[in-house]
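These protein sequence lines map, in sequence, to chains E and F. For the first sequence, our numbering begins at 1 and goes up steadily by one. For the second sequence, our numbering begins at 1001 and goes up steadily by one.
Read the hints as simulated data drawn from the structure, not as lab findings. Bear in mind the structure is a predicted one, so any value in this text is a computation, not a measurement. Beta carbons are placed, not taken as given, at the ideal position from N, Cα and C, and that holds for glycine. Please note that the accuracy of each hint is not assured.
To be verified - Derived coverage of chain E by chain F (criterion: at least 3 residues anywhere in the stretch with Cβ under 8 Å from a Cβ of chain F; other residues may be distant):
1) 75 to 82
2) 87 to 94
3) 100 to 114
4) 196 to 206
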Amino acid sequence: MSIFSPLAIPASAGIGLRSPHIAEMLTRRPSAGWLEVHAENYMGDGAGVEALEKLRQIYPLSVHGVGLSLGSAGGLDRDHLERLRKVCERFQPDLVSEHLAWSVADGAYLNDLLPLRYDEEALAIVARNVETLQDTLKRRVLIENLSAYLAFTDSSMNEAEFLAALVERTGCGLLLDVNNVQVSAHNLQYDAKAFIDALPEEAIGEIHLAGHATNQVGSDTVLIDDHGSRVPPVVWALYQHAIDRLGPRPTLIEWDTDVPVLDVLLGEAMWADMLTASIMFTRKQAARREQTTNARAAPICLSVEGETTTSMPVLAAFAAARAARPSISLALRSLEEEFHAAA
Amino acid sequence: MLPLEHLQTIVARSVLAMEPTIAANLLTAGKADPLARLRIYQNNTRSSLTAVLMAVFPVTVRLVDERFFRYAASEFIRRHPPAESRLARYGAGFPRFLKSIDTLSDMPIVAETARLEWAIAEALDAVSLPPRSLGDCENIELGTSPDILVQPSLRLIVSHWSILSVWSAHQQGAAVDRHSAWARRAERVVLWRAGDSIRLVQLDRANFAFLHSLKHGLGLEHATGRALALDPAFDLVSALVRLFGNGLVTNVRAAANSHSNSWRQS
């Protein structure tokens, strides 16, 4: 087993490592901040696993689990937990995260993230599962809020209150997915900013940014969390609200379906860093103004508010223009064969 | 109020079924109809798992056309949802399921091709160990019947139908006539992972039996005996050269307790 140097994830933007980009990441080695992978994709022994060992030598790594089903009342799948433990042992990530959701029930894995009925019973169950996870991995794990299309009428608290209680009970951290907040807040009709403000800020160890789709079902406009497009202005605005409150945090650009060329992801990451830098600059200016009586310099403001913003960050636009060629089809793996007839 | 485990079971069954089975008053979705929102989860599960199956069985998709495949996948997902969250293992039962579909009974090539594609998927997920060369074995004490260990990704398939010919024809992107391309002709296929691709080879009976014995740890002597019994002209030297040349040998060692030794002792 390789020993990797412990590379700390910086409080800046990183990108999700997607299989169509692996070859380019290995040859080009762009400055991407850090990488995040889905744990389940690295539980086997195929070629992708070998590639990650090489990339781990260059980039700080975050391992993001999708299938552990921390919300399952039936408890954790011990085999899956062991597979996750082995992935963490093998790749030695700086951050590990999973979801506040369930995907396993009645002996079936649904391959989706379903919301909980938020109450004391669920809190006890999830806390127990999170404790088992943290004890097994011997580390703090970040728990992510989800995109919801449904809620349960008998919930006695909301998702933000539940997450805050979970942090208090287990000492876990939080992964704030700003896109998921926007999607859930729209679909279930609550205030997105209030959700973010209700979370314990010192627990938030990472932020996710992604795009979503809009579906019209009769009179119902529902946001669909497909992680298949650019981060839209409304999510950038929420991100700004979060950074304003929290300060710089590791921020991941997530793009899972219709994956674009690598430069587009890198452009989005650069935009996140520029937004954060501008917010911190504005803060410093405001602090200085409070101390001095004469404040003249106007800060460089990259304000992102409502409908007046440009919808495509400049750097991402350059990347898209350079990449204006037929879209690359997403292949889960490349497959070549040679056919030899036996003599 | 229902215990959480019971509630999750009801929701899971609703997500997998074509129609929601959960009582609408347990759910809420702002001003929207919660049962309509449940359909989003139903669609997500069905389409994401269908996408997994289409990625694992692309040639099978082309043999039956996409609409039929999606229907078959949808039925398979409903009756045999994944039992675990490791999706690399989802689809093992799909070839057998295809065999059970009435409308495919006059196209046995479909289920058989799916078997081949599943073996490919397994091989791609298997580890690729550093191979041993013939030169590596010069100074090893091999005994009378050495064990030869082969790559973990090695898979062997026998079919009564021309699965490799059909599969290869679809790789070249040629427009293949579904009905004339396949034949009732036994094919013995061996495949393994080399880097991030798969190598597939068709073998005659003797060479296939030789590899099959080695893969099951029966030792070189036993493997050679089986091959010769099927074909007295079996060329052991060529078989060994090909085996090592293809990087299929991961270790060679004297058998810990060879069959012939224990017979002499008793």
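Are there hints from earlier that the structure breaks, and if so, what are their numbers? 2, 4
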